[in-house]
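There are 2 protein chains.
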Amino acid sequence: MKRGNKYGTHRVIEPKGTLPQPAKKISNDMEIFENEILIDVDYLNIDSASFTQLNEEAKGDLEKIKVKILEIVEERGKMQNPVTGSGGMLIGNVEKIGVDLKDNIDLKIGDKIATLVSLSLTPLKIDKILNINPEIDRVEIEGKAILFESGIYTKLPEDMEDTLALAALDVAGAPAQVKNLVKEGNTVLILGATGKSGLMCSYMAKKMTGAKGKVIGQSRNELRAEFLRSTKFCDEVIIADVQKPVNVLEETLKANNGIEVDISINCLSISNTEMASILPVRDGGVVYFFSMATSFTRAALGAEGVGKDVTMIIGNGYTKNHANIVLNVLRESKLLRNIFEEKYT
Amino acid sequence: MKRGNKYGTHRVIEPKGTLPQPAKKISNDMEIFENEILIDVDYLNIDSASFTQLNEEAKGDLEKIKVKILEIVEERGKMQNPVTGSGGMLIGNVEKIGVDLKDNIDLKIGDKIATLVSLSLTPLKIDKILNINPEIDRVEIEGKAILFESGIYTKLPEDMEDTLALAALDVAGAPAQVKNLVKEGNTVLILGATGKSGLMCSYMAKKMTGAKGKVIGQSRNELRAEFLRSTKFCDEVIIADVQKPVNVLEETLKANNGIEVDISINCLSISNTEMASILPVRDGGVVYFFSMATSFTRAALGAEGVGKDVTMIIGNGYTKNHANIVLNVLRESKLLRNIFEEKYT
Numbered sequence: 001m002k003r004g005n006k007y008g009t010h011r012v013i014e015p016k017g018t019l020p021q022p023a024k025k026i027s028n029d030m031e032i033f034e035n036e037i038l039i040d041v042d043y044l045n046i047d048s049a050s051f052t053q054l055n056e057e058a059k060g061d062l063e064k065i066k067v068k069i070l071e072i073v074e075e076r077g078k079m080q081n082p083v084t085g086s087g088g089m090l091i092g093n094v095e096k097i098g099v100d101l102k103d104n105i106d107l108k109i110g111d112k113i114a115t116l117v118s119l120s121l122t123p124l125k126i127d128k129i130l131n132i133n134p135e136i137d138r139v140e141i142e143g144k145a146i147l148f149e150s151g152i153y154t155k156l157p158e159d160m161e162d163t164l165a166l167a168a169l170d171v172a173g174a175p176a177q178v179k180n181l182v183k184e185g186n187t188v189l190i191l192g193a194t195g196k197s198g199l200m201c202s203y204m205a206k207k208m209t210g211a212k213g214k215v216i217g218q219s220r221n222e223l224r225a226e227f228l229r230s231t232k233f234c235d236e237v238i239i240a241d242v243q244k245p246v247n248v249l250e251e252t253l254k255a256n257n258g259i260e261v262d263i264s265i266n267c268l269s270i271s272n273t274e275m276a277s278i279l280p281v282r283d284g285g286v287v288y289f290f291s292m293a294t295s296f297t298r299a300a301l302g303a304e305g306v307g308k309d310v311t312m313i314i315g316n317g318y319t320k321n322h323a324n325i326v327l328n329v330l331r332e333s334k335l336l337r338n339i340f341e342e343k344y345t
Numbered sequence: 001m002k003r004g005n006k007y008g009t010h011r012v013i014e015p016k017g018t019l020p021q022p023a024k025k026i027s028n029d030m031e032i033f034e035n036e037i038l039i040d041v042d043y044l045n046i047d048s049a050s051f052t053q054l055n056e057e058a059k060g061d062l063e064k065i066k067v068k069i070l071e072i073v074e075e076r077g078k079m080q081n082p083v084t085g086s087g088g089m090l091i092g093n094v095e096k097i098g099v100d101l102k103d104n105i106d107l108k109i110g111d112k113i114a115t116l117v118s119l120s121l122t123p124l125k126i127d128k129i130l131n132i133n134p135e136i137d138r139v140e141i142e143g144k145a146i147l148f149e150s151g152i153y154t155k156l157p158e159d160m161e162d163t164l165a166l167a168a169l170d171v172a173g174a175p176a177q178v179k180n181l182v183k184e185g186n187t188v189l190i191l192g193a194t195g196k197s198g199l200m201c202s203y204m205a206k207k208m209t210g211a212k213g214k215v216i217g218q219s220r221n222e223l224r225a226e227f228l229r230s231t232k233f234c235d236e237v238i239i240a241d242v243q244k245p246v247n248v249l250e251e252t253l254k255a256n257n258g259i260e261v262d263i264s265i266n267c268l269s270i271s272n273t274e275m276a277s278i279l280p281v282r283d284g285g286v287v288y289f290f291s292m293a294t295s296f297t298r299a300a301l302g303a304e305g306v307g308k309d310v311t312m313i314i315g316n317g318y319t320k321n322h323a324n325i326v327l328n329v330l331r332e333s334k335l336l337r338n339i340f341e342e343k344y345t
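Protein sequence lines correspond, in order, to chains A and B.
Residue numbers for the first sequence, in my numbering: 1 to 345.
Residue numbers for the second sequence, in my numbering: 1 to 345.
Check before you lean on any hint, since a few could be wrong.
Since the list gives no way to pick out one identical chain from another, each pair is judged satisfied if it fits inside one copy or across any two copies.
[Stated by the list, open to error] DSSO-like, lysine-lysine: derived pairs with alpha carbons at most 30 angstroms apart:
{"no.": "1", "residue 1": "K59", "residue 2": "K144"}
{"no.": "2", "residue 1": "K320", "residue 2": "K179"}
{"no.": "3", "residue 1": "K320", "residue 2": "K254"}
{"no.": "4", "residue 1": "K68", "residue 2": "K179"}
{"no.": "5", "residue 1": "K320", "residue 2": "K212"}
{"no.": "6", "residue 1": "K64", "residue 2": "K96"}
{"no.": "7", "residue 1": "K254", "residue 2": "K2"}
{"no.": "8", "residue 1": "K24", "residue 2": "K334"}
{"no.": "9", "residue 1": "K6", "residue 2": "K232"}
{"no.": "10", "residue 1": "K196", "residue 2": "K2"}
{"no.": "11", "residue 1": "K334", "residue 2": "K6"}
{"no.": "12", "residue 1": "K155", "residue 2": "K59"}
{"no.": "13", "residue 1": "K232", "residue 2": "K144"}
{"no.": "14", "residue 1": "K232", "residue 2": "K102"}
{"no.": "15", "residue 1": "K244", "residue 2": "K64"}
{"no.": "16", "residue 1": "K232", "residue 2": "K2"}
{"no.": "17", "residue 1": "K144", "residue 2": "K244"}
{"no.": "18", "residue 1": "K68", "residue 2": "K320"}
{"no.": "19", "residue 1": "K320", "residue 2": "K183"}
{"no.": "20", "residue 1": "K334", "residue 2": "K144"}
{"no.": "21", "residue 1": "K334", "residue 2": "K16"}
{"no.": "22", "residue 1": "K320", "residue 2": "K112"}
{"no.": "23", "residue 1": "K207", "residue 2": "K24"}
{"no.": "24", "residue 1": "K254", "residue 2": "K102"}
The hints are simulated quantities; they were obtained by calculation from the structure and are not laboratory data.
Computed from a predicted structure; not experimentally measured.
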């Protein structure tokens, strides 16, 4: 056994010098290096954009999807959709731990874990695909995977179903970042407050702002607004069209005595919503983009175009302790747990 | 005269409900609203990406470029390149100030100003194109333009040439943000330190870190490194390939006793450099992307992929007082002023 690079560059076959994620092909040789972990995989949770693409290409034929997944992994050494570039995550049991890591991590052989780094950079070998559940983008397999030293993971909790934990872990970055960002007394606007990450963020934002602060949740229609009101996660609920920034600004001002908010958090999954996130924020405030549909240039030029001195943050999927934070939210809020169980498992 | 919307939405013709920048067509009627400013335009500084596109399309024929510019402004009411989407800025004299603004701004009729909002959202009417200088992307015209209430501008200073001031104002956001971000004692990595914004950022970063801190400047080859060393703006100069993140990481560590930096600032104009900006930064540090070639998703997924808990900031072209800050840098540093005069005017 030898020591590999912390970020897994020692497994990059092509092109040399890149990291495993942008690489076209990585080595899925299942002999581990001294600072790697071998996982016996139970199933893959394919990223939603990727699964949709595979499903459309195969016209819903699960056998064809199986063949395609095997082809991709055979070719690239990882399950990275060549069209969307995205991956997903996996669940499995720890089979081997490299000598270098043994005493430095809180894992032991047999632990059931979910990897929190993308499949798009995870060395994977599939022996057999057992089953595909297209409802939840899940692929049950016999196979192995490798976690690099920098790879993040979480032990699956025993007090909830795996599917529930996974649904929450999928958006773990969001509430963890909100916890760091939002202070007592802040006024916070959540765009897309009725979605998966939006609900998490609304709950966490309210917890952080306290009674002196205010959380304003945006929803796209009366039905969703009614649902959001019923959760009581937000102090105010507005209905506005996120692709019409002036509409969002006006509704926000109405809900906040004519004053711009301190922080806005974009939890939408639709494009062209940068300005709707920027306009309602006061000078000196913060705009946090959790949406992967965000355009860097639209945000940068947009803020300049309206002369807004705001700090715009790129949502990082990883924050220290984020898995625990999101699972604890489900433990704290029975209501949120029920909503997640009903909607996302 | 009536009062218009602060952001200029009252001039959007198509599609309704959008802001002037994403709009296809805005009104360039030169009768001003109560909160607008009329400018008698001297020349347009076309954004570099836009000018390059126009020039290529016209195969270098200046007459063809003239015709195309007139066509665009006639059709859209603003000089927004339909291919690149970008604009530029303009120089002119204040001709009229709306009654609502008169007592609230530091401008008077006749002042010579540069607009710091993009031409891609500025109502413009061209009577005649007098001359095009392709060397510096400048179009001399007879014409008028409108500045909205939210529009930012700066009076052109009397102690330097317009061309020098413009070259500096073009990257005004960068040093102003660095001034806010970098604290005494920080270790800062500047990627693309030998370019226009990179030099500004290096100078400002060193000023902020003080003697206890350290500024590391990246350059792509020995020639540029030698030039950067000669400026003494950086404590350390490294040569590294920004599209090879591990190379950048290793060179940075070598220059910093094996320790990751607190802050990295991406001043490059090439794509696929997100990871080179993220890898060298310590957990809890800050990555500041000033490069317009930054991909939001590559940054977001990239940081997660390597398990880096860093705050990633989208470079905002506007920060309070940014024009004064950048012009003062040129007043402070004779060396930087000389370099700018030599390279960018």
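These are the hints, each one checked on the structure:
Only within a single protomer do K59 and K144 lie at most 30 angstroms apart by alpha-carbon distance; the minimum there is 28 angstroms, versus 56 angstroms between protomers. In this homomeric assembly, K320 and K179 come within 30 angstroms of each other (Cα to Cα) both inside a single copy, at 11 angstroms, and across copies, at 27 angstroms. In this assembly of identical chains, K320 and K254 lie within 30 angstroms of each other by CA distance solely across copies; the values are 27 angstroms between and 36 angstroms within a copy. For the identical chains of this complex, K68 and K179 are neighbours neither inside a copy (40 angstroms) nor across copies (51 angstroms), given an alpha-carbon limit of 30 angstroms.
Both within a single protomer and between protomers do K320 and K212 lie at most 30 angstroms apart by alpha-carbon distance, with minima of 27 angstroms and 28 angstroms respectively. In the homo-oligomer, the alpha carbons of K64 and K96 never lie at most 30 angstroms apart, since the shortest distance is 33 angstroms inside one protomer and 68 angstroms across protomers. Proximity of K254 and K2 under a CA criterion of 30 angstroms is satisfied inter-copy only: 23 angstroms between copies versus 62 angstroms inside one chain copy. In this homomeric assembly, K24 and K334 never come within 30 angstroms of each other (Cα to Cα): the closest approach is 44 angstroms inside a single copy and 48 angstroms across copies.
For the identical chains of this complex, K6 and K232 are neighbours neither inside a copy (44 angstroms) nor across copies (34 angstroms), given an alpha-carbon limit of 30 angstroms. In this assembly of identical chains, K196 and K2 lie within 30 angstroms of each other by CA distance neither inside one copy nor across copies; the values are 42 angstroms within and 44 angstroms between. For the homomeric pair K334 and K6, neither the shortest alpha-carbon distance inside one copy (39 angstroms) nor that between copies (44 angstroms) is at most 30 angstroms. Taking CA atoms no more than 30 angstroms apart as the test, K155 paired with K59 passes in neither setting, with 36 angstroms inside one copy and 61 angstroms between copies.
For the homomeric pair K232 and K144, neither the shortest alpha-carbon distance inside one copy (44 angstroms) nor that between copies (52 angstroms) is at most 30 angstroms. Proximity of K232 and K102 under a CA criterion of 30 angstroms is satisfied in neither setting, with 45 angstroms inside one chain copy and 46 angstroms between copies. Within a single copy, K244 and K64 get their C-alpha atoms no closer than 41 angstroms, and across copies no closer than 37 angstroms, so neither meets the 30 angstroms cut-off. Taking the shortest alpha-carbon separations for K232 and K2, neither the intra-copy value of 54 angstroms nor the inter-copy value of 42 angstroms comes in at or below 30 angstroms.
In this homomeric assembly, K144 and K244 come within 30 angstroms of each other (Cα to Cα) only across copies, at 29 angstroms, whereas the closest approach inside a single copy is 47 angstroms. Proximity of K68 and K320 under a CA criterion of 30 angstroms is satisfied in neither setting, with 35 angstroms inside one chain copy and 53 angstroms between copies. In this assembly of identical chains, the alpha carbons of K320 and K183 lie at most 30 angstroms apart whether taken from the same copy (18 angstroms) or from different copies (23 angstroms). With identical chains, the CA atoms of K334 and K144 are never at most 30 angstroms apart, being 36 angstroms at best within one copy and 61 angstroms at best between copies.
Proximity of K334 to K16 under the C-alpha cut-off of 30 angstroms is found in neither arrangement, the shortest distances being 49 angstroms within a copy and 43 angstroms between copies. Taking the closest pair of Cα atoms, K320 and K112 come within 30 angstroms of each other only inside a single copy of the chain (20 angstroms); across copies the shortest separation is 51 angstroms, beyond that limit. Taking identical chains as interchangeable, the C-alpha atoms of K207 and K24 are never at most 30 angstroms apart, the minima being 43 angstroms within one chain and 42 angstroms between chains. Taking CA atoms no more than 30 angstroms apart as the test, K254 paired with K102 passes between copies only; the shortest distance there is 28 angstroms, against 56 angstroms inside one copy.
The earlier numbered hints that this structure contradicts are 4, 6, 8, 9, 10, 11, 12, 13, 14, 15, 16, 18, 20, 21, 23.
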